[in-house]
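J.: Work out the full structure: start from the sequences and follow the hints.
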Amino acid sequence: MGEPLYQQVLLAEWVVTTCLQVVVLVCLFRRRGPYRSYPVFSAYLGTVTLQQLLSAWWRRHYGFTSIAYFNLAWGTQTVVLCARWLAVAELMKRVLAGYAAVNKMAQTLLFTLSVIILTFSFALANNGGFYLLISADRAVELTLAVLIAGMFVLVRYYRLAMRNIDRQLGIGFCLYSCAWVAANTIYQMFRHTAGAARDWDFLQSIAFVATLVIWIGAVGKPVEVRAPARAPALTAERYGQLSQELNERLRALDARLKNLFRPGDSGS
Amino acid sequence: MSIALLIFLILIVVVVGLLLWAARPLKGAPLTPDAAFEALSRERHYARLPQILQSLREDDTEFLRVRGHGKLLAQIRQERKRIALRYLKYLEEEFRILLECSRILATMAPELTTKGEFDRLWQGQKFLWNCRVLGWRLRLGMQPWEIFGTLSDMSGTITLELEAAAARLGERALLAADPTLFTQGRRGGSK
Chain A
1 MGEPLYQQVL
11 LAEWVVTTCL
21 QVVVLVCLFR
31 RRGPYRSYPV
41 FSAYLGTVTL
51 QQLLSAWWRR
61 HYGFTSIAYF
71 NLAWGTQTVV
81 LCARWLAVAE
91 LMKRVLAGYA
101 AVNKMAQTLL
111 FTLSVIILTF
121 SFALANNGGF
131 YLLISADRAV
141 ELTLAVLIAG
151 MFVLVRYYRL
161 AMRNIDRQLG
171 IGFCLYSCAW
181 VAANTIYQMF
191 RHTAGAARDW
201 DFLQSIAFVA
211 TLVIWIGAVG
221 KPVEVRAPAR
231 APALTAERYG
241 QLSQELNERL
251 RALDARLKNL
261 FRPGDSGS
Chain B
269 MSIALLIFLI
279 LIVVVVGLLL
289 WAARPLKGAP
299 LTPDAAFEAL
309 SRERHYARLP
319 QILQSLREDD
329 TEFLRVRGHG
339 KLLAQIRQER
349 KRIALRYLKY
359 LEEEFRILLE
369 CSRILATMAP
379 ELTTKGEFDR
389 LWQGQKFLWN
399 CRVLGWRLRL
409 GMQPWEIFGT
419 LSDMSGTITL
429 ELEAAAARLG
439 ERALLAADPT
449 LFTQGRRGGS
459 K
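The listed protein sequences correspond, in order, to chains A and B.
Counting in the numbering used here, the first sequence runs from 1 upward without gaps.
Counting in the numbering used here, the second sequence runs from 269 upward without gaps.
I should point out that these hints are in silico values taken from the structure, not numbers from a laboratory.
Here the structure is a predicted model, which means the values were calculated and not measured.
Using N, Cα and C, we set each Cβ at its ideal position, and we do this for glycine too.
Honestly, I wouldn't trust all of these hints.
Distance condition first, Cα-Cα at most 20 angstroms in a straight line; then the derived SDA-like pairs of lysine to any residue [as the list claims (entries may be wrong)]:
{"#": "1", "chain 1": "B", "residue 1": "K383", "chain 2": "A", "residue 2": "V115"}
{"#": "2", "chain 1": "A", "residue 1": "K104", "chain 2": "B", "residue 2": "G384"}
{"#": "3", "chain 1": "B", "residue 1": "K383", "chain 2": "A", "residue 2": "F111"}
{"#": "4", "chain 1": "B", "residue 1": "K394", "chain 2": "B", "residue 2": "T382"}
{"#": "5", "chain 1": "B", "residue 1": "K383", "chain 2": "A", "residue 2": "R59"}
{"#": "6", "chain 1": "A", "residue 1": "K104", "chain 2": "B", "residue 2": "F386"}
{"#": "7", "chain 1": "A", "residue 1": "K93", "chain 2": "B", "residue 2": "E379"}
{"#": "8", "chain 1": "B", "residue 1": "K383", "chain 2": "A", "residue 2": "T112"}
{"#": "9", "chain 1": "B", "residue 1": "K383", "chain 2": "A", "residue 2": "Y157"}
So the derived label-pair ranges between C-beta atoms look like this [to be verified]:
{"#": "10", "chain 1": "B", "residue 1": "I278", "chain 2": "A", "residue 2": "W57", "range": "37 to 43 angstroms"}
{"#": "11", "chain 1": "B", "residue 1": "I271", "chain 2": "A", "residue 2": "N71", "range": "28 to 34 angstroms"}
{"#": "12", "chain 1": "B", "residue 1": "W390", "chain 2": "A", "residue 2": "K104", "range": "16 to 22 angstroms"}
{"#": "13", "chain 1": "B", "residue 1": "L277", "chain 2": "A", "residue 2": "L53", "range": "53 to 59 angstroms"}
{"#": "14", "chain 1": "A", "residue 1": "A97", "chain 2": "B", "residue 2": "L277", "range": "32 to 38 angstroms"}
T.: This is the structure:
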């Protein structure tokens, strides 16, 4: 791709991304919009929009390959990443809030998983300088993606009620983080190829556009006023009794099935 | 291409796969706590299977082989296979309801242990796997006829056990939802 054409593509991509971000923000802050329920997510989008405007201005003055632009891009990226973590935490809190025990277990489980993923990602990243930055970014994004996918698995396993807006926001976050990890990895693979940095940047923008489209679908619909039905809480004693009974029945059924494999056994 | 980078790409494919699997809509509405307990205390279809299985025991048809009615014998064996598969299906269905009920209980629980939940998940998967294996063994004609005696013997006891446990479970769930029912029940009993 030639330089003038690339500049045009870059401009078009910037215009599309910014417009979509504004649309999401308008949907969030419209009359009776969901911004009150998602203050951190709204703040995150505001931060991203600000970063977008600031980096465009910086790029115009200093150029895409300048150190000044590099510092600003990665500096603001840290802020945006922190905001995204908080937005994901807000989402998880909203989804699991009504289920005390599942929530508590999910926190322990997902925290352990996060530590493992972070350690694993840093252990695999044996690069220095700029590539260390990319590796760190990838580690954080991969952890985010695993956290969200883990939350979805728990929601499905326990058949928890989940609002459509939460579902779509979660899918958007996860796919975006996955795309970011894939882009970083592919960039590291082909870093010696000409134009790899541009393609990497472009790939991330495409992923962000797709995410914004998903989020518009989520926040653009009328707000679900009625909360999903949730199960009543049981006391620890009552739960213990019921759980024990269920486990006994599950074990009994399993034992019966095992007997089917043994011809001649009466299965009593 | 470095192996580490390849691992990252594989991980991403796994995460996206998990997300797509977990985010797809549920088949049918999830059971509510009331519906789960109600489903447990409902009469099982396979409660009548002991009688059917009893009538199809191998020794009941031994005389057909002795008298040379091979065609009829094959037909009866086919019928037995069909019944055994149906029984397995009901057993699997019952297990699924129990698992569903255990998950509903977990959402109402004050505390859960990760180990306990993993154990239950593992047991559930093992059971369902065993169901499948047995189903295929039956379909493929492996160990085909010996199990009918076992099936016949076990189905009676299992049905009774399940019904009794389901009734107790239903009562407890009802009491958990409304403890005043317990005292009402006692008053009713003393009349």
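J.: Hint by hint, note whether the structure agrees.
T.: Hint-by-hint comparison with the structure:
no., hint, verdict
1, B/K383 to A/V115, "holds (19 angstroms)"
2, A/K104 to B/G384, "holds (14 angstroms)"
3, B/K383 to A/F111, "holds (16 angstroms)"
4, B/K394 to B/T382, "holds (18 angstroms)"
5, B/K383 to A/R59, "violated (52 angstroms)"
6, A/K104 to B/F386, "holds (15 angstroms)"
7, A/K93 to B/E379, "holds (17 angstroms)"
8, B/K383 to A/T112, "holds (14 angstroms)"
9, B/K383 to A/Y157, "holds (15 angstroms)"
10, B/I278 to A/W57: 37 to 43 angstroms, "holds (39 angstroms)"
11, B/I271 to A/N71: 28 to 34 angstroms, "holds (32 angstroms)"
12, B/W390 to A/K104: 16 to 22 angstroms, "holds (21 angstroms)"
13, B/L277 to A/L53: 53 to 59 angstroms, "violated (33 angstroms)"
14, A/A97 to B/L277: 32 to 38 angstroms, "holds (35 angstroms)"
The structure shown violates the earlier hints numbered 5, 13.
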